[in-house]
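Participant: What follows is each chain in one-letter form.
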Amino acid sequence: MPAVPQFLQERNRQILTKGKDAFDIVGGQPSLAGAVSQRACVYCGSRVVLYPIADALHLVHGPIGCAAYTWDIRGSLSSGPDLFRNCFSTDLREKHVVFGGQQRLFDTLCLLIDKHRPQAAFVYSTCIVGVIGDDVPAVCKQVQLLKNIPVIPVMAEGFQGSKKDGYRIACDALFQLIGADDSKTIGEFSINILGDFNLAGELWMLSEYYRRIGIHVVASITGDGRVNDIRNAHRASLNIVQCAGSMMHLAQRMNEQFGIPFRKVSFFGIEDVADALYQVATFFHNQTLIDNATLLVREELSNLLPQLDVFKNALHGTKAAIYVGGAFKAISLVKALRLIGVSTVIAGTQTGNADDYKLLKKLCDDGCILVDDSNPIELSEFVKLTGANLFIGGVKERPIAYKLGIAFCDHNHERKVALAGFQGMINFAQEVYNTVSSPVWRFTRPHLAP
Amino acid sequence: MENTCNLCAPLGACIAFKGIEGALPLLHGSQGCATYIRRYLISHFREPIDIASSNFSEASTIFGGNKNFNTGIDNIIKQYHPSVIAIASTCLAETIGEDVHRLIGEYRTSHKRPKDLPLLFFASTPSYKHSHYEGFLLAALAALQALADHRSAPRQRLNLFSNLIAPEDIRHLKEITDDLLLPSMIFPDYSDTLDGVFHENYPRIPQGGTPLEYLRSAPKAFCSIELGYILNSAAPSPGEFLRNLFSVPSLRTGIPIGIRQTDKFFDFLTQIAGKNLPQKYVDQRGRLIDLYIDGHKYLAGKRPLIYGEEDLVVALAAFATEVGMKPILCASGGESGQLEDVLRKQLGDLFPSDMRVAQGVTFDDMKNILNDNDLHPDLLIGNSKGYFLARLWNVPLVRVGFPIHDRIGAQHLLSLAYKGSSILFERIVNALLDDAQRNSSIAHKYM
Chain A
354 MPAVPQFLQE RNRQILTKGK DAFDIVGGQP SLAGAVSQRA CVYCGSRVVL
404 YPIADALHLV HGPIGCAAYT WDIRGSLSSG PDLFRNCFST DLREKHVVFG
454 GQQRLFDTLC LLIDKHRPQA AFVYSTCIVG VIGDDVPAVC KQVQLLKNIP
504 VIPVMAEGFQ GSKKDGYRIA CDALFQLIGA DDSKTIGEFS INILGDFNLA
554 GELWMLSEYY RRIGIHVVAS ITGDGRVNDI RNAHRASLNI VQCAGSMMHL
604 AQRMNEQFGI PFRKVSFFGI EDVADALYQV ATFFHNQTLI DNATLLVREE
654 LSNLLPQLDV FKNALHGTKA AIYVGGAFKA ISLVKALRLI GVSTVIAGTQ
704 TGNADDYKLL KKLCDDGCIL VDDSNPIELS EFVKLTGANL FIGGVKERPI
754 AYKLGIAFCD HNHERKVALA GFQGMINFAQ EVYNTVSSPV WRFTRPHLAP
Chain B
4 MENTCNLCAP LGACIAFKGI EGALPLLHGS QGCATYIRRY LISHFREPID
54 IASSNFSEAS TIFGGNKNFN TGIDNIIKQY HPSVIAIAST CLAETIGEDV
104 HRLIGEYRTS HKRPKDLPLL FFASTPSYKH SHYEGFLLAA LAALQALADH
154 RSAPRQRLNL FSNLIAPEDI RHLKEITDDL LLPSMIFPDY SDTLDGVFHE
204 NYPRIPQGGT PLEYLRSAPK AFCSIELGYI LNSAAPSPGE FLRNLFSVPS
254 LRTGIPIGIR QTDKFFDFLT QIAGKNLPQK YVDQRGRLID LYIDGHKYLA
304 GKRPLIYGEE DLVVALAAFA TEVGMKPILC ASGGESGQLE DVLRKQLGDL
354 FPSDMRVAQG VTFDDMKNIL NDNDLHPDLL IGNSKGYFLA RLWNVPLVRV
404 GFPIHDRIGA QHLLSLAYKG SSILFERIVN ALLDDAQRNS SIAHKYM
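First to last, the sequence lines map onto chains A and B. So the first sequence is numbered by the numbering used here: it starts at 354 and just counts up by one. So the second sequence is numbered by the numbering used here: it starts at 4 and just counts up by one.
Next comes chain B alone, as it looks inside the complex:
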């Protein structure tokens, strides 16, 4: 395995946990897992990201980690006073067979006033089984399993399961549902916790996150929408969970990038809201089409390499093909086995006949697939870990997704809906123009 484009499951879990109001994540395992994941997330979001560890020792590995688990919970409560301690397992805890549900139960019963304790819940996320994307979805599922309460009163609310997207994207989704006067729970909502404003006093647990009350009453929402066609093929998605257990109707659409995918998303929303598309979005859509026209010739026939989580790849490919690009390769570390089918369905007649699709691959595999066939992309669209390939081929990289470690502002990259698609379209065209300008012997001031 050379130069992976997958990360481990507990990392994804921590991102989802950061989307829960008042939550502090705890990784049950070695200290390094928490520290590495903090470092990795901080480098993308550029926010303080506190993740506790039960800090396994040799003794805990042999005799079990219950003592460290209990001490860990005690110390988190003392230091952070969280409403929720969201626990994910590491490979080590899973391999030695830790029963975290039992540990939670024992901790609660041994406590004098269990009612005063924060909510403790657990997502099983061994990374030998799952990638970061699945870890993210499993953590979201675990939060719902722990919190969803069928005794809640019915709510006039939509559950919007928003996928692994940028904080700015989450904010835009909120703006959209607000504009449609559609009360919504967006989950996981880390738009504030992972993209905080500057305060004179910074809180130990950042403000924001999906309110616990919303998660509790999620079974009483009138409908769920999930963004992502593939999600986690090995476990129920949050929407499926609520549908199977509580009969909440669940709709699924893609991550809305480009006209076609965003239209689908808005169709769902306007139907649910019983309203026409607000003028603001009619205009944004119109401007996006106008922009497509302005820029289409710069993109005609361009051959991007698109990579990332499977659902992001579908969204980016749907977008790229509708503006005239012909992806040379769509690649993901994800292993659902569904990527090509979903791409064929969503791209329809715009699926380029010579487009390659590769799943369960590494960056090195991507390189080999193209080099072995004497192919050369015109640009890369994906996270910053592919930068070395962009450099190899001397082509631009348009940074989308996670992680972006070599630029600032990853948390503000809006790519969703008509407005985000406009920004992404401009970034792609301008990256190509910039590249053409740089590589020209003439100082063109007009492109």
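For reference, chain A alone in the conformation it holds in the complex:
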């Protein structure tokens, strides 16, 4: 094994090897300047969470970059309106920086609302807006009165913290909508799904599972999201929270305000999907729901398991590096990979907290490297150190994997393949298989060629 490379000393407590290091990773620290963190900013956190609300106007108040880089950024699908897939910006210029951008914001908002007739508007405040002193909430209030739709300020100046802080701000913005309407007809057994963003239609698969069990999804927050559903969300009996990192705050606030209990779930990997369905069915103490869930899981599994066995045999011995945004996803991935014969040798996240890392540590095998808020240099060194031959991450991790000559599976929000639910597990196995078994690696690792 090669010598352990030296990394930035200040990050020592954010990297550990299971079975070797006794300490725990705390997580949630600000990124180190110059470390080339893979994290984005507060604005990014808010923007990705709210982005899929399809019938809302999403106006970015700031210079053009912040809007341009988040234009159509997620693979989130809508079953109807597609207003969310546009890029709206106030395009602040030097004169606005000097004289203020409030008037510009007011004019742009009114113009866009008149033109597109959205159900609500979210106004994202970017770095410089806080500094030049625009009173964004005041403008939002003014326009809300004038146009008679909710106009919600999202005070997400990028420098305020990290992406995770942006999630919280997005939750607070969403909370302003919840409870504003009672018109929707609600089924007897009703839930909201929090933290699924309908990438590649995943939400539709999940909603269909719940429909088969007999459960009504009142609001999906925010995948294929609609303003009016969210306004009715307080009337559901239960919140299920996937992507807990982004949506726990909203679940907690809804619990405090409306007494709606919540369950943390994950829809990635068989165990977790089944658990997510059972948890909801048992919540309602209704035998029919439980029977329906049992039947559904049995049906899906009998179809799924034989297919997975094929992949498991082919993938046996594969070693995976995981580096993703949220810890819940990482935890699910470790389990899902194990199911298809793949062991995890690196597990890292951008936004995990102390509890997440404890859970990850418990779950992983000895020798697995755990890392918080990593960077390209560390990740590439870890891959070399562990001999990982599969990387699971997002756009920024992909070229690291490819330059190291190892397989890659995209598990980020740009992807176009559904990886949630039972069918998602097959898709995931297929994705992993397609990349791991490709003959192209014969050329990157000639010693492996037959």
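Don't take each hint at face value.
Stated by the list, open to error - Below, simulated DSS-like cross-link-like pairs (lysine-lysine); rule was C-alpha separation at most 25 Å, straight line:
id	chain 1	residue 1	chain 2	residue 2
1	A	K371	A	K711
2	A	K448	B	K132
3	A	K468	B	K370
4	A	K737	B	K81
These aren't lab readings, by the way, just hints derived from the structure by calculation.
Go by the hints and put chain B onto chain A.
Facilitator: Frame of chain A; chain B shown alone:
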């Protein structure tokens, strides 16, 4: 502002910085700027693109970012050992009035052995003032301002300022200057750094880039050529800078696409080299004309919508009109105010009388300009962000420029000079043929 076709200035700066040997870019501002720009560039070039951030916090925004700046530089040096740390500012740093030149000075003087430090230089690129194209040019200018050394010995070398083009285009320019035996500095040269080969061990800072020595001795080159008629109207271009300060003669021509623009480019080169056009290029030119003839009827009267950076639009329009297309609209997010004049001059009698020219526009504006006039393009020529319009009108999009996020191989799209023009011509004709075939009820096997 709906559906912009501009990006922000620090993004352009980072592309230019990647064209400097041994450089690591640092953005002074929030973490998000670096991460978004990395993501955006990676999706086009499909290479690892490490860009550091000084990662402003609330405290740095109130009290200044010097502490984060210093930590950032320290950590970059520890991790990357770069020869150059190329710094660009974000909106935030500019708005709170960070004096980055002063920060650099203080960092250097506080260091025990300033001589051992990498070169640090700075380009001011607030995106409320500039677009990505101007950011690119400002970064190139800043690199020269920092490095150009009049004490260098005279060099028998040409400075070729090559604009925002594909890595494959840069390689082709190198081939051309090599074939003409014309020693040249191509800048910024990201042909290797943003289009690397597969190595068993991938280096922390990719190999390649314009050598620092070339940049230092740029004031002693015998001549500069700049590609692009408009460039940055608000600041000196790299060629103008070297001319104004060091009296290096500077010639300007367009991005060489099509016969007319490529002829101009080769005229400059052959005059400077004192040579005739090598046979290889005579042949490439001949083949291009031959190709024009083969394909001209497929393109006759076709009405493309052409968009992108202003200089790219000029080059594409000059090309499109000389093969018989009549652009319906030439559009750019750029705001120089010169686009129409330059187009009139370069297209000459081939400037279609009903061609619209729009500057400082968004994709939505382009849509409105055409829809409001009941116009319908036959195809789009530009980057992949216009795809939604191509789909709206159900016409092909021929992808050229930056970014191309919905295809692989953007770094290999050669469009420059006779050879690149041939490839582009074929791509355009074939896109139209493919479209005609798809939309036909008959399975034509002969088109």
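Participant: State for each hint whether it applies.
Facilitator: These are the hints, each one checked on the structure:
Note on K371 (chain A) and K711 (chain A): the hinted pairing holds, with a Cα-Cα distance of about 11 Å set against a maximum of 25 Å. Between K448 (chain A) and K132 (chain B), the direct Cα distance comes to roughly 9 Å. Compliance with the 25 Å bound is thereby established for this hinted pair. Simply put, K468 (chain A) and K370 (chain B) have alpha-carbon atoms about 15 Å apart, close enough for the 25 Å limit, and the pair holds. Between the alpha carbons of K737 (chain A) and K81 (chain B) the distance comes to roughly 20 Å, so the proposed pair stays at or under 25 Å and holds.
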